[in-house]
Structure formats: structure tokens, C-alpha cells
Amino acid sequence: MAALSVMTGGGSWFLALALGVTLLKCLLIPTYHSTDFEVHRNWLAITHSLPISQWYYEATSEWTLDYPPFFAWFEYALSHVAKYFDQEMLNVHNLNYSSSRTLLFQRFSVIFTDALFVYAVHECCKCVDGKKACKELTEKPKFILSVLLLWNFGLLIVDHIHFQYNGFLFGLMLLSIARLFQKRHMEGAFLFAVLLHFKHIYLYVAPAYGIYLLRSYCFTANKPDGSIRWNSFSFVRLISLGLTVFLVSALSLGPFLALNQLPQVFSRLFPFKRGLCHAYWAPNFWAVYNALDKVLSVIGPRGFLRCLILCALSSFMFGWHVHEKAILLAILPMSLLSVGKAGDASIFLILSTTGHYSLFPLLFTAPELPIKILLMLLFTIYSISSLKTLFRKEKPLFNWMETFYLLGLGPLEVFCEFVFPFTSWKLKYPFIPLLLTSVYCAVGITYAWFKLYVSVFTDPPVGKTKKQ
Amino acid sequence: MEKWYLMTAVVLLGLTVRWTVSLNSYSGAGKPPMFGDYEAQRHWQEITFNLPIKQWYFNSSDNNLQYWGLDYPPLTAYHSLLCAYVAQFINPDWIALHSSRGYESQAHKLFMRATVLIADLLIYIPAVVLHCCCLKEISTKKKIANALCILLYPGLILIDYGHFHLGLALWGVLGVSCDWDLLGSLAFCLAVNYKQMELYHSLPFFCFLLGKCFKKGLKGKGFVLFVKLAGTVVASFTLCWLPFFTERAQALQVLRRLFPVDRGLFEDKVANIWCSVSVFLKIKDILPHHVQIIVSFCLTLLSLLPACVKLTLQPSPKGFRFTLVSCALSFFLFSFQVHEKSILLVSLPVCLVLSEIPFMSTWFLLVSTFSMLPLLLKDDLLMPSVVTTMAFFIACATSFSIFEKTSEEELRLKSFSVSVRKHLPRFTFLPRIIQHLFIISVITMVLLTLMTVTLDPPQKLPDLFSVLDSWLINSVTSLRKSGRGDPRQREEAPFTR
Numbered sequence: 001m002a003a004l005s006v007m008t009g010g011g012s013w014f015l016a017l018a019l020g021v022t023l024l025k026c027l028l029i030p031t032y033h034s035t036d037f038e039v040h041r042n043w044l045a046i047t048h049s050l051p052i053s054q055w056y057y058e059a060t061s062e063w064t065l066d067y068p069p070f071f072a073w074f075e076y077a078l079s080h081v082a083k084y085f086d087q088e089m090l091n092v093h094n095l096n097y098s099s100s101r102t103l104l105f106q107r108f109s110v111i112f113t114d115a116l117f118v119y120a121v122h123e124c125c126k127c128v129d130g131k132k133a134c135k136e137l138t139e140k141p142k143f144i145l146s147v148l149l150l151w152n153f154g155l156l157i158v159d160h161i162h163f164q165y166n167g168f169l170f171g172l173m174l175l176s177i178a179r180l181f182q183k184r185h186m187e188g189a190f191l192f193a194v195l196l197h198f199k200h201i202y203l204y205v206a207p208a209y210g211i212y213l214l215r216s217y218c219f220t221a222n223k224p225d226g227s228i229r230w231n232s233f234s235f236v237r238l239i240s241l242g243l244t245v246f247l248v249s250a251l252s253l254g255p256f257l258a259l260n261q262l263p264q265v266f267s268r269l270f271p272f273k274r275g276l277c278h279a280y281w282a283p284n285f286w287a288v289y290n291a292l293d294k295v296l297s298v299i300g301p302r303g304f305l306r307c308l309i310l311c312a313l314s315s316f317m318f319g320w321h322v323h324e325k326a327i328l329l330a331i332l333p334m335s336l337l338s339v340g341k342a343g344d345a346s347i348f349l350i351l352s353t354t355g356h357y358s359l360f361p362l363l364f365t366a367p368e369l370p371i372k373i374l375l376m377l378l379f380t381i382y383s384i385s386s387l388k389t390l391f392r393k394e395k396p397l398f399n400w401m402e403t404f405y406l407l408g409l410g411p412l413e414v415f416c417e418f419v420f421p422f423t424s425w426k427l428k429y430p431f432i433p434l435l436l437t438s439v440y441c442a443v444g445i446t447y448a449w450f451k452l453y454v455s456v457f458t459d460p461p462v463g464k465t466k467k468q
Numbered sequence: 001m002e003k004w005y006l007m008t009a010v011v012l013l014g015l016t017v018r019w020t021v022s023l024n025s026y027s028g029a030g031k032p033p034m035f036g037d038y039e040a041q042r043h044w045q046e047i048t049f050n051l052p053i054k055q056w057y058f059n060s061s062d063n064n065l066q067y068w069g070l071d072y073p074p075l076t077a078y079h080s081l082l083c084a085y086v087a088q089f090i091n092p093d094w095i096a097l098h099s100s101r102g103y104e105s106q107a108h109k110l111f112m113r114a115t116v117l118i119a120d121l122l123i124y125i126p127a128v129v130l131h132c133c134c135l136k137e138i139s140t141k142k143k144i145a146n147a148l149c150i151l152l153y154p155g156l157i158l159i160d161y162g163h164f165h166l167g168l169a170l171w172g173v174l175g176v177s178c179d180w181d182l183l184g185s186l187a188f189c190l191a192v193n194y195k196q197m198e199l200y201h202s203l204p205f206f207c208f209l210l211g212k213c214f215k216k217g218l219k220g221k222g223f224v225l226f227v228k229l230a231g232t233v234v235a236s237f238t239l240c241w242l243p244f245f246t247e248r249a250q251a252l253q254v255l256r257r258l259f260p261v262d263r264g265l266f267e268d269k270v271a272n273i274w275c276s277v278s279v280f281l282k283i284k285d286i287l288p289h290h291v292q293i294i295v296s297f298c299l300t301l302l303s304l305l306p307a308c309v310k311l312t313l314q315p316s317p318k319g320f321r322f323t324l325v326s327c328a329l330s331f332f333l334f335s336f337q338v339h340e341k342s343i344l345l346v347s348l349p350v351c352l353v354l355s356e357i358p359f360m361s362t363w364f365l366l367v368s369t370f371s372m373l374p375l376l377l378k379d380d381l382l383m384p385s386v387v388t389t390m391a392f393f394i395a396c397a398t399s400f401s402i403f404e405k406t407s408e409e410e411l412r413l414k415s416f417s418v419s420v421r422k423h424l425p426r427f428t429f430l431p432r433i434i435q436h437l438f439i440i441s442v443i444t445m446v447l448l449t450l451m452t453v454t455l456d457p458p459q460k461l462p463d464l465f466s467v468l469d470s471w472l473i474n475s476v477t478s479l480r481k482s483g484r485g486d487p488r489q490r491e492e493a494p495f496t497r
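Going down the list, the sequences are from chains Y and L. For the first sequence, full-length UniProt numbering begins at 1 and goes up steadily by one. For the second sequence, full-length UniProt numbering begins at 1 and goes up steadily by one.
These are computed hints drawn from the structure, not numbers from a lab. Given the structure is predicted, the values throughout are model-derived calculations rather than measurements. The C-beta atom is built at its ideal place from N, Cα and C for all residues, glycine as well. Hints are supplied without guarantee of correctness; some may be wrong.
[Stated by the list, open to error] A partial selection of chain Y residues facing chain L, derived with a Cβ cut-off under 8 Å:
1. Ala16
2. Pro30
3. Val128
4. Leu363
5. Pro367
6. Leu374
7. Ile381
[As the list claims (entries may be wrong)] Listed below are the simulated DSBU-like cross-link pairs for lysine-lysine, each with C-alpha atoms no more than 30 Å apart in a straight line:
8. L/Lys136 <-> Y/Lys388
9. Y/Lys426 <-> L/Lys318
10. L/Lys54 <-> Y/Lys126
11. L/Lys136 <-> L/Lys378
12. L/Lys3 <-> Y/Lys25
13. Y/Lys388 <-> L/Lys109
14. L/Lys318 <-> Y/Lys388
15. L/Lys141 <-> Y/Lys25
16. L/Lys141 <-> Y/Lys126
17. L/Lys142 <-> Y/Lys25
18. L/Lys109 <-> Y/Lys140
19. Y/Lys135 <-> L/Lys109
20. Y/Lys140 <-> L/Lys31
21. L/Lys109 <-> Y/Lys393
22. Y/Lys393 <-> L/Lys141
23. L/Lys142 <-> Y/Lys126
24. Y/Lys426 <-> Y/Lys142
25. Y/Lys395 <-> L/Lys141
26. L/Lys341 <-> Y/Lys140
Put together the whole structure using the sequences plus the hints.
In C-alpha cells form, the structure reads like this:
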């Protein structure tokens, strides 16, 4: 009994939040799932039934393996559990197989792997200092951050309805960020390298990692005014970082190098012709170049986090073949900044509200309509109100223009989902709701990107104001 | 109120959970020829829309009473009629006379679920929020936590028909507790006219209001209040039953449908005294029918009399809520023809006293959900039941720190244990016993659930699991009844078994 009372006592709010959202995820099991469900079932089948040499060549299904090798190994590990649920799903020729046991297994695998995300959030909360001594639990930055991350609307609907495995991947990313905040640079670098070999989309933010590690880890000391002490460069540290990345890559790509399959693997991972290659990477380099000179004087983990978010947002804005789900890459790290400063909170709220709304077209079925509206309202109302309460002593978070913009999302949703389907335009111009949604959200996301850019350039260098 | 956004979040979460649970199967899905409660609701829309009022409760070629005939009071019929008008607008096939029998489609399921959700949103949820906001002497955070627990109570989420009557009854309780007596009694009359089982709650209402009249003085304000209340009750009943007063036969037929005394002491396996006793003593075979009615009437009356008398003499909102629990339990345990779902009529008042005795209330609510397990398993609702029960348990455990508050005073068993200590001075370990009983009962519930799901019962005792379930529930509810006494009460709490 004493053990139970300890468990349910004061410090267990985090556990309650984590368990609560896990139970909600269980309730979402019977909802609609997209073709991504079949994609992952196919990968389970490929990794289980075929030898490694066939993994990146197999093309019975249209959903070929196009994630890096670590993810393939992950699917391989899952497949050994899957065989106890339903052996048939591991047959490569069983296209679109989705028995109830398959569904149960797949959904549970996403829920289960989210444990890494929960752990990462727990570590991130440790990095958020409660400067304001709040006795009230619901007003502590740690509490608000936990809710914003654990109950993130985008992650819930993309992972647990649409079906994907973003939870544990973002867990890896948040964990590596937390390690960098805790000055455990080698671990952070290692975790990020591992993450890259799970899903290469995180290459978008690799420049931020590279520059920060170079700046804060390889240069071991700063001058009193915060700028680099050039003669404190440590070759040893640079080599050890390089070695870590090299070893991880060797573990991942090694087997395929031995089989002479590297070109095939890369063609699967980066599926576009040479000409478009420049268009894909150029905006990213451009964004990085612009930030480079300022970044070198913005030291500290917060500067790194801003840089990371900027990279993610820039590539979302200008990248090629970007999926709307990639907005999560910017929203989740931004949550960490939002509980620190009022300005960041304002940017986060605009970004997250419009970003989450832009995910609405992913769930287009009628039974899921109330779910997405209710969860969106839940997250939006909570995030805006809790952050407003947290920063109530500073100036208001939104000006009238921003308020109107955000409120405009309501009528937009009503029009797109409830009014438009009953008008005559539905047959002639069925793309109008999608177009309106994309354009309206693009305005908000661009505005948030712009504000973030400005804040990076106008904020005083962190090294001068306080110790890191 | 401050922190309104947290209350809004709680309401939104409650709605989300309700909708996601409703995505699962419904009762009687794909099971011709009779299907289930879902088909009953659809059928009533068909009947009320297509037939004139005079034929609703009568057997005819168009209205076969054997196939889900209307057996609830007129307000249910009017509600079905309203839904039928909406259904007609969307898709007339759903309620076409005769041809829509057994109609099942994704769109229709969405429509039916939406009507339930909207009814909950408009009636039940505002009542819960208002109740929690009006609670005295607790912090805002506790009020919001209270609302969360009530909204997460699994019983009301998993049973898939609407809870209009419970919402109306809750408004009745609120009105009467906040001294809006006329509105409260109107709301309660409407609730009774919606489902006749609300009569379980009628005695406490009557005693409380009577007590208020006595307090104000029989000559003067009290008498005026009494007349006004009587007028309200008569008016609301007349309004609902107006179309059926034209002929005597009409009213009698409706009453016959509402109170089917021919159906016997109990049906199926229900967690009350009669069913549990009948495992050893086949009451149904021993006693003749009319004696069964008299015995059950007397026992019911005996068990609820003390609480009601006390309420009449000392009316207070707190006493009112406790008496509601007590009376509803008495009816559930001893009454005639009790259905498993009637446990919800007990659960609702228990939700209202959640903030006052969190430990016992949580225990009861968990057990009440478990009592409906056979019904839920029949409807393929195992996963949602387990998930919502766990969510409810976690919410209650963290909101009220129930495992820390198990002293004698907090369990409201002080007077009982004090009187026992007069004879047995060493009797100080009551809270410990109760805590251990709780753990044992939780483990038993989990085991029974696992067994029901995985094993098949031995052939001689096909209903073994359901009967074991009902025994467990019986023991817990009786224990609960023993703890009903107000600690300020001088005499011993009534200990009924």
C-alpha cells in the first residue's frame, strides 16, 4: 500500500501524463490508417523473409525500402515479434494484408516504441530550469513542456492514426538535444549519428549539429567577450567526433558496402535525378550560410536549438518533395524554447497552430473528423492558455493581427469541411479546400520563420548576458 | 473561474474519449434477427416517425411489440421522433417502415453516434461541469480533477445508448441543491418521463423537498413551496402524457409496457441479491410470483427507509447526495426485474460524492464497471473497457491521492468502528482491512476478466464467470452501503447485507 501511495503521490504527474496519453493511443487503434501501414507491413515482410542482399532490391510491392539500414534492422527486430501475432503479414506477396491481429501488432509497436520518446521528454524537462518558483504544478515550465511534447497533436495523429514511427525517432533527436544541453557532447553526437541512419530526413538539421559541435566542443574555451579563442582548438575532440560518426556509418552501411550495393541504397534513399540535386540542397546551404556568421557568436545550447529549428523550417519552406509531416521537425524542438522566453512562446504558438492545422488534410475520413477537431482544440487551447499564464507578467503574446489570423482558422475549417462539400463547386473545383488550407498555413509558417530569423539576429549574444 | 482552460481541456478530453470508444462495435452489430440496443433505438425512430401516436405502444401489424417494442415513457418516444426528423433529412432509408429493419451502414452508425455525442455535450457534460464548479471547500485544481474523473467513468462511456435521463436527473440534483427547487423538480420529472428507472432516485428527491418545506414551516412559506412543487410535477407529467390521456386504454397500455411485472424477479445475470442468492436457493421456483413481488417490495422499502427519514428531518445537499446513493443501491439490490445497466443509476450519485469519499467511491465505480463486463464482452468492447478503466483508475489515484487518505475518518466509518471498539478495544485496524480488501478485489477482477476472455467455462456451469462477478460486486456494494453514515451522526451506520 505504501508503494502505491508513493506512486500516486506528488512526483508522479509525469507518469500520469505519459500513461494517460498511452491509453489515449490505445483508444485510437481502430481508427483509419493510411498506405503507410502497408508500407511498414511490407518492410516487415522484406526484412524477415529475404536475405540482406535482397533488401534494397526487392520490388514486388510499390512501397520499396527507402529508409537507411538501421530502420531496416529495426523492422527486422519487430518482425520477430510479429510472427507471434500473425505469420501471414510476413509474406512478401500478401499485399495490403491487414488482419485484425496485424493491425493490433503494428499499432502496439508504435505505442511501445514511443517509450523512447517519453524518456527523451523526461530528460528534456531536466534541462528546463524553473526560474520562477512556482508552487502550482500546472504553472511549472516542466509540466507545460511535458504536456506540449507528450500530448503533441501532430505526433498523435501522424503516428497513431495515419500510422508512422516518428515517436521514437523524435525521441532520439530530443535525447541528443538534451545531451547537448547537459554538455555530454559525445553522446549527443553519437545519438544524432544513429538517428541519421534511421531516417535520413534529419540531414536537414545536420548543419546545426555540425556547426555547434565544432564551435562549442572542438574549441574548448572562449574569450571573455564570448567570441572564439582560436588557439583553443582541440584536434583530439575533432577526431573523436569524426570517429564516432564514422563508426556509426560503418555499422550501418558496412554490410552494403561489402555487397557492393551502396549505389542502389543511395538511389533508394535519395530518389531524384542529378539535375534536381542542386535545387534540393542549395536552399539549405544558403540558409546555413546566412546564419553562419551570426551563429559563430551565438554560443550555448539555446543558440544551437534556434539554428536547428531554422534549418528544419528553411528546408521545409524551400526544400523539394517535402511532406507536410516534416513540419513536426520544427515544432517539437521549438516546444523546448517556448517555455523559456515569451518571444519564443509566441513564435511557437503561431508555428504549432498553423503547422498542426496543415496536417488536417491527412485525415479526410468522416469518423476521424471529430477526433481531429477535438484533439486540435485541446492542444491549441491548452498551449495558448498555459503559455499565456506562464508569461502573464510580460507583454501579451500576440498582437491583434496574429490573433485575427489564428482565429481565422476556425471559419476556414468550417468552410472547407462543412460548407464546401454541399456547394456546387465541389464537382468542378474539388481542390479548393486543399488549396485554401495550404496557402493560409503557408502564410503563418512563413511569418513564424521570419520572426525566428529576426530573433536569432537581434538577440544579444548569450555568452555576454549569462553563464552557460 | 480561473484555470477555465484546464476545465475546457478536461471536457474536450472527455468528448474525445467518448467518440473514440464509439468507433468500436455497437451492441448487436451484425447479429440478425434481433440485433441489439442500437437496432432498438433505430426502430423507435422508425415507429415514431411513421405511425400516429395512438399506435406507438400498441401491438399491430405495423408495430410488432415483440421486435423492440417501445417500453420507455413518452419523452423517449418524442426524442426518437426528433432524431427521426433529422434522419429523414439525411437519408429516409434509415427509417423507412418495415424495410429499414436491421439497417446497418457506416453513415448510419456515424449518425447514431453523433446524436448520442450531441446529447451528452448539451445536457450531461454541462451538468457535470456545473456540479464540480459548485463544490464547496475545495481548490480549483481539485474541482477540475473531480470533473476529469467523473467524465472518465467508464460505465457511462461504454454503454452505447444515450444518457439523456442521467443528464436530466443531474440537472435535477443541481437545481434542488442550489435552491432552484422548481427548476430542479421540473428537470427530474422530465428525467422520470424519459426512463422509468429514474424512479430509483425519486424517493430522495421527494424526502429532500419535503424536508425543505417542513423547515420553512408548514404554515406560510413551506406550504407555498409545497403547492408550487406539486403544481410543477403535475404540470410536467401532464405535458408529457397529454396525447395518452385521451383514452383510458392508452394510458394503461403505456403503464403495462413500462412496468412488465410479468417478466419475473430477474433476468439474465445481474449483480443483485436475488441473483446471487438464487445460486443456492432457487427463489424463482420456491416462491409464487405475487409473493416474489411483495418480498422484494418490502425488502427494498426496509433498506431505504432510515436514510429517507433522516433526510426529511435534516435536509442538506450533502445528505441528499448520500441518500441518493443509498436509495439507488437499495433498489438495485432488492428490486424487481433489475437490469445490469441499472447499476449506472447508482454510479451517477456515487460520482457526485467522489470528492467526499474518494477511496470508496473509486472502488465502487471500478466494481460497477466490472459488473457490466459480460455485457461489454458480448459487444466486443474488451479493449475500450480495459483502457477506460485504467484511465479512470489513474485519474482518481492521482487526483485524490486515494491511497493516502484511508484513515477511519476519511472512510466515514468512524462511528462504526468506535462502537465496535466499545466491545473489542483492539479494533483499530479497520482501514488496513479495507485497503487489503481493495487490493484483493482488484486482483480478483483482473483475474476474472482474464479467465472470462481466455478460458471457456466448465460445461456444467456455463455462467460460472458471470455469477462469480455478481458475487464480488454484491459484497463490495454491501460493504459500501455500510459506510453510508454521516460521521456527525450519533447512532451506528445501518449495516445491511
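**Asked** Which of the listed hints are not met by the structure?
**Response** 3, 4, 9, 10, 11, 13, 14, 18, 19, 20, 21, 24, 26
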